[in-house]
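Enquirer: Read off the chains here:
There are 2 protein chains.
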Amino acid sequence: MSMRNAFNPYLLALDCPACGGTCDLSQPRNVCPTCGKPLVARYDLVRIKAEVPRDSLGRFGTDLWRYRAVLPFAADFPAVRLGEGGTPLLPLARLGDSAGVAELWMKAEAGNPTASFKARGLVMAVNGALAFGARGIALPSAGNAGSAAAAYAAAAGLPCRVAVPEDTPEAFILEQQAFGAEVRLVKGTIADAGKLIAEWCKAPDWWNVATFKEPFRLEGKKTLGYEIAEQLGWTLPDVILYPTGGGTGLVGMWRAFLEMQELGWLPKAIPLPRLVSVQVAGCAPIVRAFDAGESSAQPWVDAHTVASGLRVPSPFADALILRAVRETHGTAVAVSEADMLDAMREIAQLEGTFVCPEGGATLAALKQLRASGEVRANERVVIYDTGSGLKYLDAWRQALARRVPQDASA
Amino acid sequence: MSMRNAFNPYLLALDCPACGGTCDLSQPRNVCPTCGKPLVARYDLVRIKAEVPRDSLGRFGTDLWRYRAVLPFAADFPAVRLGEGGTPLLPLARLGDSAGVAELWMKAEAGNPTASFKARGLVMAVNGALAFGARGIALPSAGNAGSAAAAYAAAAGLPCRVAVPEDTPEAFILEQQAFGAEVRLVKGTIADAGKLIAEWCKAPDWWNVATFKEPFRLEGKKTLGYEIAEQLGWTLPDVILYPTGGGTGLVGMWRAFLEMQELGWLPKAIPLPRLVSVQVAGCAPIVRAFDAGESSAQPWVDAHTVASGLRVPSPFADALILRAVRETHGTAVAVSEADMLDAMREIAQLEGTFVCPEGGATLAALKQLRASGEVRANERVVIYDTGSGLKYLDAWRQALARRVPQDASA
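Residue numbers (my numbering), protein chains in the order written: chain A, 1 to 410; chain B, 1001 to 1410.
Please keep in mind that the hints were generated in silico from the structure rather than gathered at the bench.
Given the structure is predicted, the values throughout are model-derived calculations rather than measurements.
Don't take every hint at face value.
As the list claims (entries may be wrong) - Partial list, derived from the structure: chain B residues whose beta carbon lies under 10 Å from chain A:
1. P1028
2. A1153
3. L1232
4. P1271
Claimed, not checked - Here are some chain A residues pointing at chain B (derived, C-beta under 7 Å):
5. F60
6. W65
7. G111
8. A154
9. P169
10. A171
11. L174
12. Q177
13. A178
14. W206
15. Q298
16. P313
17. G352
18. L390
19. W396
20. Q398
Think of the CB as a built atom: it goes at the ideal place given N, C-alpha and C, for glycine as much as any other residue.
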């Protein structure tokens, strides 16, 4: 299969929102060849609108490949798949009462391969590596992305290298090693891991699949937006709270909602959900930039939190994240470590989900926004559990050691 | 909602396969009131056949509730749900080559709530407790069942008590405590935990949801059989290898295949899959009874294995398990601890799934049966990953410390 034939015929080009440039798919593409910023896929939405009614999605299964019309690969491309996507959107009646919102939902992502939302992006990045003819993949990771990358690389028969901070929980490292990945531990954060990858894994032998360093992780993550819309019967919530490390999912949902309006899968007139970027007090570069009215974020010094997925001091797609939040009339909120831990426990006790800390952060942020009035009692709200709490037992030990919150079983 | 109205109108009675007795749903039922053996639900399959074509299943969503016609609860019963079932049946091309079978699949159950197949049974048991008006639930567990029970109890607002062996991995215990369950550790195995539950949690205050000690866990587990058939386009595999602790899933699949034949969802003429009960050398009561030609199993003394779900010395439904294996012309196989650990690693390296030890056991058993010729090269085979490897990091440490198996990336 030639490189071009590997791709979806509806996929027209890769565009650069930063400089307005564009490039084709005739050769491997990581970032914009002109300015070095992230590339974003562009599809022929007019043709898809004419040829793919949303009622036909059921023909394509229940996982995220049901949206293959707007994904990068051709129908006959032998994609590596592990059953990613198609996760539940859980109605949270008990927690909605507690948080004071009329209708509360949680997009529960722990059921993905390797137990996190990272599977959505990495399945696309690894298939992209195959389509581009790469011989191995590499990435820095706070944990979950490395595990997802290693899993798909194993299934694809590609070597994989991962660099993670040295205090990454052992579960991630064992999982990556089980998949046969080479794992290196670095002092510092994912930013330092990124520096190691740049030296250790050079092109063209190693294809970099770091966040926004190749164009297809975003395509996988946008399926979150498609699923939420379809699961709500092709309507949208008022507010979505998203835990923001690299921010791919937040930017991806924004793109998905705009695409669905172009496709006629959603009415053009309805307002988009207000996207809320949720971070923690110990690492909140997006919140700081949002509050200061800036269009890009400065690196956060001394980043620290048990929510390892939120310990991203310098998200590469800062400008896109800030645009997505502002253009949807959303906001950015930092929560305290303590509120996050208590929220994890409240979700588990009231709703039976063993969430990751990042999931707890979205509930804690919702409570802040209810207190400030920025989210109203009659709104329909989506929070996120981005992955399993099983990889964060230290955080859970801390959460369970705190005072018992309000009696959940009463 | 009255007790009878809580149940599916197609649900006729609860039968006892051991003594031939039957009872209705007018009052809470644990086991056969006559002989104390397991009860099995009976539906009006003639009416379902007339009223529910299999093509209509899509109307009922993608999780296991799509099979609600053959599940215990009424359509308007406000069931507690967390998105259970609907897990992938993964094609394993690379591993099939390695194992020497034409077509190899893995039913991958880690994507369930609380990351294991136990969710299927416990969602039914907890909803059964609600339907019967129970005020709390209790069970002994090797780990995963306790976590699933605690999750659904939390979501239902019911108190939950769990007794587990004292060497149960900490992940299970933290998870159960996070859900607000009361957890007690006991010396010994799940059999000893069962004795504690009998004293600590007496009826009618506590509803016992131990394996086969109430009728509905089996109904949830049988959805494994429905899903496999539907995912294979309403055909069946030749062989299914199932890791057998309590054996609910094995008996459940057998029931499912027979029900689907009655319903006309499968042709009556096709042979059922040969069901293989997979156990480990350190705890193999079913294998021993099968080999000896017995119809029931004796308790296994000194049970030991890292596959905690297989450390069930005295499965309560031994007679039903042995019948299911024999009537489908299957067999029972014990694998060594070492072969199980190596198989875990091979699955991860070739197929990108971080399986639990019980999952590794099914591949190790397949290799034995290929070597003996009991499974042939041209057959279509299903192995099982019953839950996430994330709860078994000790086993993974052992697996990764062993010699490197054949190079998976070559």
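Enquirer: Less than 7 Å between beta-carbons is the criterion; does W396 of chain A satisfy it with respect to chain B?
Expert: 5 Å, holds
Enquirer: So, A171 of chain A near chain B? Judge it on the closest CB pair being under 7 Å.
Expert: It holds, given that the least Cβ distance between A171 of chain A and chain B is near 6 Å, below 7 Å.
Enquirer: Should the interface hint for Q298 of chain A be scored as holding, given a Cβ-Cβ cut-off of 7 Å against chain B?
Expert: Cβ of Q298 of chain A sits 36 Å from chain B, so the hint is violated.
Enquirer: Closer than 7 Å between Cβ atoms is the bar; does L390 of chain A clear it against chain B? Give me holds or violated.
Expert: 4 Å, holds
Enquirer: Measuring from the C-beta of Q177 of chain A to each C-beta in chain B, is the shortest one below 7 Å?
Expert: Holds - the Cβ of Q177 of chain A comes within 7 Å of chain B, reaching about 6 Å at its closest.
Enquirer: Given Q398 of chain A was flagged as interface, is its beta-carbon under 7 Å from a beta-carbon of chain B?
Expert: 11 Å, violated
Enquirer: Can we keep the L174 of chain A interface hint, with Cβ of chain B closer than 7 Å?
Expert: Constraint on L174 of chain A satisfied, holds at 5 Å.
Enquirer: For the restraint on A154 of chain A, tell me whether the closest CB of chain B is nearer than 7 Å.
Expert: 4 Å, holds
Enquirer: Let's test the interface hint: is any C-beta of chain B closer than 7 Å to that of P169 of chain A?
Expert: Because about 10 Å separates P169 of chain A from the closest Cβ in chain B, which is outside the 7 Å limit, the hint is violated.
Enquirer: Hold the hint about F60 of chain A up to the distance rule: shortest CB distance to chain B must be less than 7 Å.
Expert: Violated: closest Cβ of chain B sits about 13 Å from F60 of chain A, beyond 7 Å.
Enquirer: Hint check: is the beta carbon of P1271 of chain B less than 10 Å from a beta carbon of chain A?
Expert: 28 Å, violated
Enquirer: Can P313 of chain A be said to touch chain B, with a Cβ gap under 7 Å?
Expert: 27 Å, violated
The structure fails to meet hints 1, 3, 4, 5, 6, 9, 14, 15, 16, 20 from the earlier list, while all remaining hints are met.
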